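2 protein chains.
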Amino acid sequence: MRRRDRDRTATFLVEGPQAVREALAAGRVQTLFATAAAVERHPDLIAGAEVSVLTDKALASLTETPHPQGIVAVCSTVDIPLGEALTGTPRLVGVLAEARDPGNAGTVLRCCDAAGADAVVFAGDSVDPYNGKCVRASAGSLFHLPVVRNIAPADAVAALRTHGLQVLAADGAGEDDLDDLADSGVLAGPTAWLFGNEAWGIPADLAALADRRVRIPIYGSAESLNLATAAAVCLYASARSHR
Amino acid sequence: MRRRDRDRTATFLVEGPQAVREALAAGRVQTLFATAAAVERHPDLIAGAEVSVLTDKALASLTETPHPQGIVAVCSTVDIPLGEALTGTPRLVGVLAEARDPGNAGTVLRCCDAAGADAVVFAGDSVDPYNGKCVRASAGSLFHLPVVRNIAPADAVAALRTHGLQVLAADGAGEDDLDDLADSGVLAGPTAWLFGNEAWGIPADLAALADRRVRIPIYGSAESLNLATAAAVCLYASARSHR
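Here the protein sequences come in this chain order: A and B.
Its first residue numbered 1, the first sequence is counted upward by one per residue in the numbering used here.
Its first residue numbered 1001, the second sequence is counted upward by one per residue in the numbering used here.
It should be emphasised that the hints constitute simulated quantities derived from the structure, not laboratory data.
Keep in mind that this is a model prediction, so the values were computed, not measured.
Note that CB positions come from ideal geometry on N, CA and C, so glycine has one too.
Fair warning: there could be bad hints in the mix.
Derived CB-CB ranges, DEER-like [unchecked claim]:
(1) B:Pro1203 with A:Ala60: 29 to 35 Å
(2) A:Ala154 with B:Ala1199: 38 to 44 Å
(3) A:Pro217 with B:Gln1030: 33 to 39 Å
Could you build all of it, start to finish, from the sequences and the hints given here?
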């Protein structure tokens, strides 16, 4: 399923029993396609939706994974406008500003969920959250917390500030050290983290939008962390400071 | 290059200019293969080693990456015995106990390096550190800190304890909370982290070898973090407590 088709129909594919279980729990499944063998193996899933039974070959033609385990769901998209995602008193938000690799983006979404984030924003030219690899890497998290897309980074930053969040850009060349911000109490405030591109980090014009540019201390000889592990360290530093 | 061939010759391949630069700096390059275009593009690399100039097609036949950017090095393996890796007073060691995915393993190696670990151990049935995808994901870190392989997890744990390190298993079902251990000062001690498998976590018999089984707090609805992001959070929690 191409992005154009996903956008036109406001649907996307979810593959494999575990992800389909999450989609059903979130009430997002429109149609379930399954092989006869999968129908027998997963009576709990089949009970929850309208099912079309397909041959192995027909099912394989729908899917992107080499081994979809016989089950694929067509789901309604989940994204909502940023204003709606920020109702209440948000304390932690993740913003993917230029993430192009869907596996990395899905892993960041999963980290945001684990760290208790209130929302995740796929801003600017970031990969589509409904990309199959992103959905798989999110391991169900796409259905767990508000997801926003189709918003320019500058608009997202402005809205996040209006809702009382400081905006911190994860930036290997940043002027603030993550541990120092934890020690000084800065991380205890409501925070939106801005994450850049997996190859070239966060572009200067995006980093300039943030209130602070924050580097994770590098104690060894590595030049940097990769996008998802850097996001995990930043998000958990915030989560810990919030408690 | 298959694992059998790597083991027989005690060599492995490093692809692309940045990784080759790290291999040269570490004095590990035996032979450099490059296309004529790459020779022109990277005079600094060519100066450091014996070079065989190949056609694009011949070079492509050597490599695993779709775009090796015209340059591949045959390198001597870097691993050393664990006893040698633990000389001095090690404070932080990462142990991959059952990691099968080379990309994840290489990312953990990169995190260990960034967090200032003294060594990384590829124990038991873990993926080979010289696997091409692992080398690429490590982003040069394979050459930055002592790497150990071909050791049973129980032997590694015994040796790490002898060298004064407590052994903590990262375990989603662990009885200790990571933040509690940071608060109580436990993380301030010299620590070896044991990381399990990317799909099924750490097996009970391996977790039982550790002094403590430690869970990362999950504040949202995610079931867990993935291997590399979990390792990043644990390693940086230790690094912060050590300082």
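Results for each hint:
no.: 1; hint: B:Pro1203 with A:Ala60: 29 to 35 Å; in the structure: holds, 32 Å
no.: 2; hint: A:Ala154 with B:Ala1199: 38 to 44 Å; in the structure: holds, 40 Å
no.: 3; hint: A:Pro217 with B:Gln1030: 33 to 39 Å; in the structure: holds, 35 Å
Consistency note: the structure conflicts with none of the earlier hints.
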